[in-house]
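Enquirer: Line by line, the protein sequences give chains E and A. Using my numbering, the letters of the first sequence correspond one by one to residues 11 to 311. Using my numbering, the letters of the second sequence correspond one by one to residues 1268 to 1459.
The hints are all genuine.
Straight-line Cα separation of at most 20 angstroms, SDA-like style, residue types lysine to any residue; simulated pairs: (1) E:K64 with A:A1284; (2) A:K1380 with E:V21; (3) E:K13 with A:N1381; (4) E:K13 with A:T1378.
For the record, the hints were derived by calculation from the structure and aren't laboratory data.
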Amino acid sequence: MNKLQANLCLVCVTLLWSTEVIIFACIPDSVVPFATTAITSMIGGVLLFLCFFKRIMAALKNGGKKLLLTGVLLSVLNCGYNVMYQYGLKEFDVSTGAFTISMTVVILPVILMMKRQSVDKKTWISAILVLVGIIVSYLGKLGTISVPGLLMMIGGCIIRAYYIIRLNEAAREFDPVSLSALIAVFVGVISFIIWFVMQPATFGAIEWNTQIIASLFIHAYFIVMFAQTLNIFAQRNATPAAATIIYSLEIIFSLIWGMTMPASIVTPVTPDVFMLIGAAFIVLGNLSEIVSFKRKAVKQL
Amino acid sequence: MKREKRSPLRIILTVGALIVAYLIVSVPFKVMEIIPGFTDIRPVSMLQPVYGIFFGIPGSLAFAVGNLITDIISDSLRWSSIAGFIANFLGPFCFYLYWGKLSRTPFDLKTMKNILRHIVVIIIVALVEANIITPSVAISYPEVDFGLFFGMVMINSLAFPILLGIPLLIILQEELGLTPCLSNRNKRAENQ
Chain E
11 MNKLQANLCL VCVTLLWSTE VIIFACIPDS VVPFATTAIT SMIGGVLLFL
61 CFFKRIMAAL KNGGKKLLLT GVLLSVLNCG YNVMYQYGLK EFDVSTGAFT
111 ISMTVVILPV ILMMKRQSVD KKTWISAILV LVGIIVSYLG KLGTISVPGL
161 LMMIGGCIIR AYYIIRLNEA AREFDPVSLS ALIAVFVGVI SFIIWFVMQP
211 ATFGAIEWNT QIIASLFIHA YFIVMFAQTL NIFAQRNATP AAATIIYSLE
261 IIFSLIWGMT MPASIVTPVT PDVFMLIGAA FIVLGNLSEI VSFKRKAVKQ
311 L
Chain A
1268 MKREKRSPLR IILTVGALIV AYLIVSVPFK VMEIIPGFTD IRPVSMLQPV
1318 YGIFFGIPGS LAFAVGNLIT DIISDSLRWS SIAGFIANFL GPFCFYLYWG
1368 KLSRTPFDLK TMKNILRHIV VIIIVALVEA NIITPSVAIS YPEVDFGLFF
1418 GMVMINSLAF PILLGIPLLI ILQEELGLTP CLSNRNKRAE NQ
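Just need the whole structure built from these sequences, with the hints factored in.
Expert: Take a look at the structure:
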């Protein structure tokens, strides 16, 4: 996979993540988010194991304890930032919350610098453009921003940035399919424990119907199995900073869904001037990362 | 690289496995209405280029049979399903025809030029399918809004193969090692 292909895959992953809200809209509110995560991650993990059993077993034989520990660490980080986002986002309206999540773009290169890893000049330019986009989107709502919510979101972004860096390293070291399967299973287990604490009746508390079952399977196929595995494969051929910049496109997709989908599915968004300018900066940041400005492309061997 | 000649039993098993994969993806979308009023969302269309390019005629057949079985399961088997069967066979077959027979270069999506060529094929396939299915529905069900129906077929046949199908093809070829069905000319080109 070359850089162009990796970038396309990352855009696809971001698009799939943005559709999560549409799938969640088909699941009643009585099903707690941890239940959804636990069930869909388990289904995704088990299906990956069934489809790639030999490959995963071979990877476990080679990677052994280190692969398992990496899987556990990544799953804990994944659950950690999702919990912080879940509570942090309650303090924001949908659109400002989506812009806030993109702060990872700025935090990640700083963490890389602290780890004494180099970051491309082009990536810095993209990160700054995205940051400008986030700040501009805030301009119309400065008075309404909740400080505890913002701190919670920054905490979530720091954990997510660290997760992306570790995932990028792990993707280069281990087999992506095996890593994806392990992350799915461990995230499923961790989410199930939290779900059990919050709702001891677990599966018995859900009023099952075909709509819920179908939604859970769709989430398992597209978000857990496909997007997660695609993400790890793409991360192998992209830098963590470049990947995070592409992830920031999620806001643009969310804005599109908010403006086009019925109110019964997604909270409607009527973008103001600041949001539109902010979104434009984010697109610009992405373009400067994805598009190669060199005259001659380096041929892949 | 020499491609093994497949036995009839292996072809039957491949077709069976492909039908199962089709049903796993398509059935959940048939039992639920995700967007009210927009009843037929078919992300399974993302598999169309995969079935055609990597599995050729058996893949095309599996796609058409998978669609027919989905119609039966979801209680939507009508006379227009015959046109649906033909269109769903021709869709993957067009990808096979272009990348396996007509194209001078073997299939890959490594360059923007090849990606654009692939998108053009997707557009042609979408037009072929919409022009086969819509008239048959128009004859069977005069009460249906044809413009809307044509638009829905086009959206399904364009959006999913482009947005999800292209990354899937990249992963299958570049990372999971699937080899496309090639014509003799392309086999020679690949060997050189």
